[in-house]
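Visitor: Guided by the hints, dock chains B and C onto chain A, whose structure is given.
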Amino acid sequence: MSAFTDRADAALADPILKIAVERTAGTAEAKRTIAIDAFPDFEAARTRAAAIKDHVIAHLGPYLEQFEANAVAAGAKVHWASTADEACKIVIDICQAAGAKSVARSKSMLGEEIGLPHALAEAGIGRVETDLAEHIIQLADERPSHIIWPAMHKTREQVSALFKAKHRSPHVEETIAAMAQSARRELRTQMLSADVGISGANFLIADSGAVCTVTNEGNAELSLVPPRVHIVTAGIEKIVPSMPHAIHMLRMLARSATGAALTQYTTFYTGPKRAGDRDGPEEMHIVLVDNGRTKMRDEGLAEMLRCIRCGACMNHCVVFRQIGGHAYGGTYPGPMGAVLTPVLDGLAPNRDLIHACTLNGKCQEVCPVRIPLPTLLKGWREKSWREGLEPTSMRAGLGLWAWVATRPRLYRLGTTIAVRVLRLLGTKGWIAKLPLAGGWTRHRDMPKPAAQTFMAQYKKARRP
Amino acid sequence: MSARDAILARLKGPSPDQAEADALLVAPERPAVDEAALEAEFLARLALPSVNASHDVIGSMADLPAAVARYLAGQGEARTLCLPPDPRLTACDWGGFTLHDIAAPDEAAALAIARRGIAETGSLIFETSPAAPMLPNFLALHHIVLLAVRDIAPYLEDAPLTGPQPRAHYWVTGVSGTTDIEGTYVRGAHGPRFLHVILLRN
Amino acid sequence: MPRNVALFVTCLVDMMRPRIGFAAIRALEAAGCDVVVPEGQTCCGQPALNSGDRDHAAALAKQTIVALEPYEAVVVPSGSCAGTIRCHYPEIFAHDPEWLPRAQAVARKTWEVMAYLDEICGWRPEGVSMDAMATYHDSCSGLRELGIKAQPRRLLKAIDGLRIAPLQGEETCCGFGGTFCVKYPAISNAIVGEKAYAIDATGADLLLAGDLGCLMNMAGKLHRQGSKIRAFHAIELIAGMGDGPAIGEEA
Numbered sequence: 001m002s003a004f005t006d007r008a009d010a011a012l013a014d015p016i017l018k019i020a021v022e023r024t025a026g027t028a029e030a031k032r033t034i035a036i037d038a039f040p041d042f043e044a045a046r047t048r049a050a051a052i053k054d055h056v057i058a059h060l061g062p063y064l065e066q067f068e069a070n071a072v073a074a075g076a077k078v079h080w081a082s083t084a085d086e087a088c089k090i091v092i093d094i095c096q097a098a099g100a101k102s103v104a105r106s107k108s109m110l111g112e113e114i115g116l117p118h119a120l121a122e123a124g125i126g127r128v129e130t131d132l133a134e135h136i137i138q139l140a141d142e143r144p145s146h147i148i149w150p151a152m153h154k155t156r157e158q159v160s161a162l163f164k165a166k167h168r169s170p171h172v173e174e175t176i177a178a179m180a181q182s183a184r185r186e187l188r189t190q191m192l193s194a195d196v197g198i199s200g201a202n203f204l205i206a207d208s209g210a211v212c213t214v215t216n217e218g219n220a221e222l223s224l225v226p227p228r229v230h231i232v233t234a235g236i237e238k239i240v241p242s243m244p245h246a247i248h249m250l251r252m253l254a255r256s257a258t259g260a261a262l263t264q265y266t267t268f269y270t271g272p273k274r275a276g277d278r279d280g281p282e283e284m285h286i287v288l289v290d291n292g293r294t295k296m297r298d299e300g301l302a303e304m305l306r307c308i309r310c311g312a313c314m315n316h317c318v319v320f321r322q323i324g325g326h327a328y329g330g331t332y333p334g335p336m337g338a339v340l341t342p343v344l345d346g347l348a349p350n351r352d353l354i355h356a357c358t359l360n361g362k363c364q365e366v367c368p369v370r371i372p373l374p375t376l377l378k379g380w381r382e383k384s385w386r387e388g389l390e391p392t393s394m395r396a397g398l399g400l401w402a403w404v405a406t407r408p409r410l411y412r413l414g415t416t417i418a419v420r421v422l423r424l425l426g427t428k429g430w431i432a433k434l435p436l437a438g439g440w441t442r443h444r445d446m447p448k449p450a451a452q453t454f455m456a457q458y459k460k461a462r463r464p
Numbered sequence: 001m002s003a004r005d006a007i008l009a010r011l012k013g014p015s016p017d018q019a020e021a022d023a024l025l026v027a028p029e030r031p032a033v034d035e036a037a038l039e040a041e042f043l044a045r046l047a048l049p050s051v052n053a054s055h056d057v058i059g060s061m062a063d064l065p066a067a068v069a070r071y072l073a074g075q076g077e078a079r080t081l082c083l084p085p086d087p088r089l090t091a092c093d094w095g096g097f098t099l100h101d102i103a104a105p106d107e108a109a110a111l112a113i114a115r116r117g118i119a120e121t122g123s124l125i126f127e128t129s130p131a132a133p134m135l136p137n138f139l140a141l142h143h144i145v146l147l148a149v150r151d152i153a154p155y156l157e158d159a160p161l162t163g164p165q166p167r168a169h170y171w172v173t174g175v176s177g178t179t180d181i182e183g184t185y186v187r188g189a190h191g192p193r194f195l196h197v198i199l200l201r202n
Numbered sequence: 001m002p003r004n005v006a007l008f009v010t011c012l013v014d015m016m017r018p019r020i021g022f023a024a025i026r027a028l029e030a031a032g033c034d035v036v037v038p039e040g041q042t043c044c045g046q047p048a049l050n051s052g053d054r055d056h057a058a059a060l061a062k063q064t065i066v067a068l069e070p071y072e073a074v075v076v077p078s079g080s081c082a083g084t085i086r087c088h089y090p091e092i093f094a095h096d097p098e099w100l101p102r103a104q105a106v107a108r109k110t111w112e113v114m115a116y117l118d119e120i121c122g123w124r125p126e127g128v129s130m131d132a133m134a135t136y137h138d139s140c141s142g143l144r145e146l147g148i149k150a151q152p153r154r155l156l157k158a159i160d161g162l163r164i165a166p167l168q169g170e171e172t173c174c175g176f177g178g179t180f181c182v183k184y185p186a187i188s189n190a191i192v193g194e195k196a197y198a199i200d201a202t203g204a205d206l207l208l209a210g211d212l213g214c215l216m217n218m219a220g221k222l223h224r225q226g227s228k229i230r231a232f233h234a235i236e237l238i239a240g241m242g243d244g245p246a247i248g249e250e251a
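Chains as they are written, first to last, in my numbering: chain A, 1 to 464; chain B, 1 to 202; chain C, 1 to 251.
Chain A on its own, in the form it takes in the complex:
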């Protein structure tokens, strides 16, 4: 047993979680299918999207410098952070210099990755999460369980109870629409009075210095326009060369994430407000964050830097659909999380994530940027094996098996004996309890093997 299997067991024992995950992920899966079927040549579009990202990753340094020069020319201030702690310190310093008492935050997985909510709390700065799901998570004092629907693990009944306990004028009618209105009432004044707005970035446009955010709620704009200061925290891999490149990626992102042709609100921010503008921030800061990304590029995980955080891989993952996002234990769940979490939080404590996958390939099939997720997971498994992190029993067992299997005559003898032993354990064609494979027979029966192996029967049949 491990922390992961404990969390997974708890998730499997929670019938409400299963309902909640199924309602959202099931809907997302169905909507994506409709959107992709209606799109002309989605396969070619995936190839193009992967090529755009690979081009950027190959020239990431020069593109970052180009982006920086253009953002600075537009009046933004650009900061660089090698680690999560450095990034948080930069953000906190900006907030404190601005005398900020409260910040409005528009959902950003990078912000979660670097631990920004925690850092703001430590600094005594009030935080308003403006994305509805992040608001639910903040009220419940939990972590996101999905990168697009952070509150996917909650049913409407649970959200209703939470709002009734925490909102000043909660909903009366038990509908999802009424609950959303309750959050609207609660959040609007808080958003408008924040001193600083913090967002992530879906794309950074190199040739203009623009930062793109997408939301369906419009909460990014409501969080980022009124405050005096706008801070962006973005992973360095978010660069695209130009607007037309961003447009291709946006077409892929919305369809893969929610099945829409485009998000409702797509905004490109270039620098702070201009002279004479009626609204917009006086300062714009962009924090470019590495946090393991340059290492990924150098150490065989460059393809993972293509990821545009659409969540399709987890929506379509049989394991995620059973255990939900929290069981993964990291910032990012599902297949992409299983690849990323060992980078961010270390391989040894996250060894389960790279193995808790059937390698069925569905995630790769739906990925809009063709990330070979199963191959990357197998790469982690090799590293884990090389570094001696795999359990001794596993190493010894596989070693013995391989030793025999590379000696065909000995192997025939071994299988002949194994078949006889297995047959002793069965009744009427099935084995209900199997020593050393209790994981199998705890939940299902094992068919009894035939009396003789194929090789034995074949040899006998061909004997003249």
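Warning: the hint list may mix true and false statements.
Straight line, CA to CA, 27 Å or less: simulated DSS-like cross-link-like pairs of lysine-lysine [stated by the list, open to error]:
(1) K383/A x K164/A
(2) K428/A x K62/C
(3) K183/C x K433/A
(4) K459/A x K62/C
Note that these hints are calculated values from the structure, not bench results. Keep in mind it's a predicted model, so treat the numbers as computed, not measured.
Guide: Frame of chain A, contents of chains B and C only:
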């Protein structure tokens, strides 16, 4: 070494070849749009459940106040409007309206002019400027948008501005919606619950 | 002209259900092939490969390549083992100039048995009949690594009296995943539980698939739950051996 130097040192490499970047954009996969019927294509997308906008058509700018009044009356709203200081709008006769140019936190209706409409998605394209504040378009319950038919373009690639960029360039493709509770779609999450497009046909 | 074909039996078929190997031989011979079962074969090495044990995977791959090299084609009654040889052997030796061309040569001529019968031989079962309703599960490796989807259905369509009931989620993983099912039994069980429910809901008499590992997983769950649905490798029916014992039935 600064973080900037450390990151860039790890990412040393050749400058990107412009031709290589451009080659990635040749013949992009995108939904087909009938360029001979842009208005119909745009309106069809505007009516999709995901965009969910209503529309009206006027023949000249002089008809705009009446069209706005018609919409507000149909919605049971007072003739109160947040009107940006755009001379094309302020030149209209707004007799009978209560106007203001700063949006209230619970603003009922705001009017704005879109620079472009995009037929591919039913998107409305805006930029910020001294005459075009951004906040009213996100605060108001009813987002009313004036769009000239001649400004409808086929694809998203037609949306960006060339040259120096304003603070914000933004695309509106529907109303503020959320699927954050059980994946169920709800309108009016934080911003507009209604989007109404007034097409100017001349 | 008869084709000189090597059958790679797979370790699971060898030990657990030899009938599948004999069915493959029968169908291939009916399609005009000369079938040989090379002596030097054991396992393709997939368990080692998927566990990260690269060295043992390479050793088994080399042994398999040597055993299969002499033949015109290699046919495998499993999508995942065929996928290992076809897709992953060249990856294993990507940086080995001696073995890479040999791995690529074997990869190029390796086929899943139903794809080979359908695409290469253009063969259909003749005079085979089976009065039953079957449902088909698309095993993941075959589906996504080799594109096995239409081929088994085209072959099964030629069986008189056999009807195919659509399976909800036919392309969804059954939760087997090789060592996954014993490493994470609770998660695997939840996945196969849903799969068994979907199979039961078809009202079919038979469950068919192209991979014995997945079949043992699904059939084992169905049997534990008391379902009467009988499971076969599709090639057994295609070869006219559908009248024999199903998985878990005594001969």
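Visitor: Look at each hint and say if it fits the structure.
Guide: Hint by hint, here is what the structure shows:
no.: 1; hint: K383/A x K164/A; in the structure: violated (49 Å)
no.: 2; hint: K428/A x K62/C; in the structure: violated (39 Å)
no.: 3; hint: K183/C x K433/A; in the structure: holds (17 Å)
no.: 4; hint: K459/A x K62/C; in the structure: holds (24 Å)
The earlier numbered hints that this structure contradicts are 1 and 2.
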